[in-house]
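Sequences are here, hints too, so could you generate the full structure?
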Amino acid sequence: MASGSVSITIKLFSALREALGESEFQLNLTEVSEAPAQIDVAAIKKLLSQRGAEWKEALNQPNLVHALNHKVVFTDAVVSEGDELAFFPPMTGG
Amino acid sequence: MASGSVSITIKLFSALREALGESEFQLNLTEVSEAPAQIDVAAIKKLLSQRGAEWKEALNQPNLVHALNHKVVFTDAVVSEGDELAFFPPMTGG
Amino acid sequence: MSVALQSEAIDVAAEYAKLVRDSPGAAVATFTGYVRDHSGQQSVTELELEHYPEMALKVLEDLGQSATERFGLSGWRIVHRFGRLAVSETIVWVGAVADHRGEAISACELMMDTLKTDAPFWKREQGAAGEQWVASRDSDSARRARWQSGEAQ
Amino acid sequence: MSVALQSEAIDVAAEYAKLVRDSPGAAVATFTGYVRDHSGQQSVTELELEHYPEMALKVLEDLGQSATERFGLSGWRIVHRFGRLAVSETIVWVGAVADHRGEAISACELMMDTLKTDAPFWKREQGAAGEQWVASRDSDSARRARWQSGEAQ
Chain A
149 MASGSVSITI
159 KLFSALREAL
169 GESEFQLNLT
179 EVSEAPAQID
189 VAAIKKLLSQ
199 RGAEWKEALN
209 QPNLVHALNH
219 KVVFTDAVVS
229 EGDELAFFPP
239 MTGG
Chain B
149 MASGSVSITI
159 KLFSALREAL
169 GESEFQLNLT
179 EVSEAPAQID
189 VAAIKKLLSQ
199 RGAEWKEALN
209 QPNLVHALNH
219 KVVFTDAVVS
229 EGDELAFFPP
239 MTGG
Chain C
147 MSVALQSEAI
157 DVAAEYAKLV
167 RDSPGAAVAT
177 FTGYVRDHSG
187 QQSVTELELE
197 HYPEMALKVL
207 EDLGQSATER
217 FGLSGWRIVH
227 RFGRLAVSET
237 IVWVGAVADH
247 RGEAISACEL
257 MMDTLKTDAP
267 FWKREQGAAG
277 EQWVASRDSD
287 SARRARWQSG
297 EAQ
Chain D
147 MSVALQSEAI
157 DVAAEYAKLV
167 RDSPGAAVAT
177 FTGYVRDHSG
187 QQSVTELELE
197 HYPEMALKVL
207 EDLGQSATER
217 FGLSGWRIVH
227 RFGRLAVSET
237 IVWVGAVADH
247 RGEAISACEL
257 MMDTLKTDAP
267 FWKREQGAAG
277 EQWVASRDSD
287 SARRARWQSG
297 EAQ
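The listed protein sequences derive, respectively, from chains A, B, C and D.
Here the first sequence stands for residues 149 to 242, numbered as in the working numbering.
Here the second sequence stands for residues 149 to 242, numbered as in the working numbering.
Here the third sequence stands for residues 147 to 299, numbered as in the working numbering.
Here the fourth sequence stands for residues 147 to 299, numbered as in the working numbering.
Because the hints were derived from the structure by calculation, they are not lab data.
Idealized CB from N, CA, C, for every residue including glycine.
Please note that a few of the clues may not be correct.
Derived lysine to aspartate or glutamate pairs resembling EDC-like cross-links, with alpha carbons at most 20 Å apart [stated by the list, open to error]:
no. : chain 1 : residue 1 : chain 2 : residue 2
1   : D       : Lys204    : D       : Glu192
2   : D       : Lys164    : C       : Asp157
3   : A       : Lys219    : D       : Glu235
4   : A       : Lys159    : D       : Asp264
5   : C       : Lys164    : C       : Glu207
6   : A       : Lys219    : A       : Glu202
7   : D       : Lys164    : C       : Glu207
8   : A       : Lys204    : A       : Glu229
9   : C       : Lys164    : D       : Glu235
10  : D       : Lys204    : A       : Asp231
11  : A       : Lys159    : D       : Glu200
To spell it out: a stretch of chain B is covered by chain C in this simulated footprint if at least three of its residues, at any positions, have a beta carbon under 8 Å from a beta carbon of chain C; those stretches are [claimed, not checked]:
no. : stretch
12  : 158–164
13  : 213–225
14  : 233–241
Here it is, written out as structure tokens:
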């Protein structure tokens, strides 16, 4: 891996997984223009939204939940090499 | 039984039963001066208190509970022929 | 929808199985009380539970009915022991079945809080310091009162 | 003091027996959730529970820990199912052991309320009208919020 490059795992669940047809993939953040230390969840959403209209719609629904390394976070959470970032609708267990 | 006489069952539980050495007995209310329709729990307490100092003390403790026919009542509840009147300390089950 | 007063230990698994078989529902809450080995600073080796059978039955049946009306239960069961109980044995078991968890859990709590202050049972503890009747607790009366004031729901 | 995520049905009697054997205490509260045969006006014939395993484990373990700290539990257990579930089957079981009933019952309620909104499970219902993802409910979020505002205790 090149110096300064950041690779993270993206996971999608429930209706999001279904709408986008993917459940898990690696994302290499050398594609992103910002310096790695400043890549936050909002930047990842923006990046993934460029994949198409259905991605843009799915990732910008108002009640989308983001979990970074298994913990729910706001969009200003900064992602680092090796992180796992998941997107999903509100949870409905129990 | 003579006309106008009223006989009720008295029950005592827990520390009261222990202090007074009785758990259940019949009480004939022809001994009471008031007309039968007006005999209330307070009158029964007064009557039983005449049985001695330990009765007076036991039946006049501030947290005494009285149950008439299996229902907690105040001292103004009127007793009738065949009723069951119980005296006991606050309940401590569960 | 029933009450049992018994001297033998409570078979929690059998009570649970019977409750959900007789009254299936989406939400089932239960509570089990066991004999403590202490009471305040005192150690306790045995408990004796005196009760007033006819009144206990009536009070607990009324309690199940009122919990049913208040929380829309589809099933409930109250089992209370009397007689001599060793430390760690079961004393009481309540179960409530409802369509939603809030109702089932609140019904369980209402039944326990009310039972403590309104059901005619009296505990006598035996321990290092001899035997003594257990005094009623202000905290129990306070918990009971919440249900009447509407503070608890 | 543990979490289980499993596809098989929950053996409520075995879970209860293990909880009280591992963590004896005076007060034990439990809650069991079962699959409803309806969802609003829709009939439901089957439920599928998708989950995020690593996160579900972490969230539920943190929840048991925080209930322990808040209510002084001596024991707790959370069992949640995933996969395909038929109507009337168990979905979730929680148990809490404490020295007093208020703590055990409140811990159970806190665990259920928090689990509903914070644990990564998603229900997909199959019924007469086809399949659909279950929408989250405002009432669940409201119940969850009570624990943070201090309204619930």
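Outcome of the hint check:
With a C-alpha separation of about 27 Å, the suggested pairing of lysine 204 of chain D with glutamate 192 of chain D is violated against the 20 Å cut-off. Taken as a hint, the lysine 164 of chain D and aspartate 157 of chain C pair is honoured in the structure, with Cα atoms around 15 Å apart against an allowance of 20 Å. Proposed proximity of lysine 219 of chain A and glutamate 235 of chain D is contradicted: the alpha carbons are some 29 Å apart, above 20 Å. Restraint check for lysine 159 of chain A and aspartate 264 of chain D: the C-alpha separation of about 17 Å stays at or below 20 Å, so the hint holds.
In summary, the hint linking lysine 164 of chain C to glutamate 207 of chain C is supported, as the alpha carbons are separated by about 18 Å, within the 20 Å threshold. The suggested pairing of lysine 219 of chain A with glutamate 202 of chain A is violated, with an alpha-carbon distance near 25 Å, which exceeds 20 Å. Proposed proximity of lysine 164 of chain D and glutamate 207 of chain C is contradicted: the alpha carbons are some 31 Å apart, above 20 Å. The hinted pair formed by lysine 204 of chain A and glutamate 229 of chain A fails the criterion: a straight-line CA distance of about 24 Å is larger than 20 Å.
Under the criterion of a C-alpha separation no larger than 20 Å, the hint pairing lysine 164 of chain C with glutamate 235 of chain D is consistent with the structure, at around 16 Å. As the CA atoms of lysine 204 of chain D and aspartate 231 of chain A are separated by approximately 16 Å, the hinted pair is consistent with the 20 Å bound. A distance of roughly 12 Å separates the Cα atoms of lysine 159 of chain A and glutamate 200 of chain D; the hinted pair therefore holds under the 20 Å criterion. Three residues within the 8 Å Cβ limit are the bar, and the stretch 158–164 of chain B against chain C gives 4, so the coverage statement holds.
Coverage of the stretch 213–225 of chain B by chain C holds in this model, with 4 residues showing a Cβ closer than 8 Å to a Cβ of that chain against a need of three. Given a C-beta distance limit of less than 8 Å, the hint that chain C covers the stretch 233–241 of chain B holds, as 7 residues qualify and 3 suffice.
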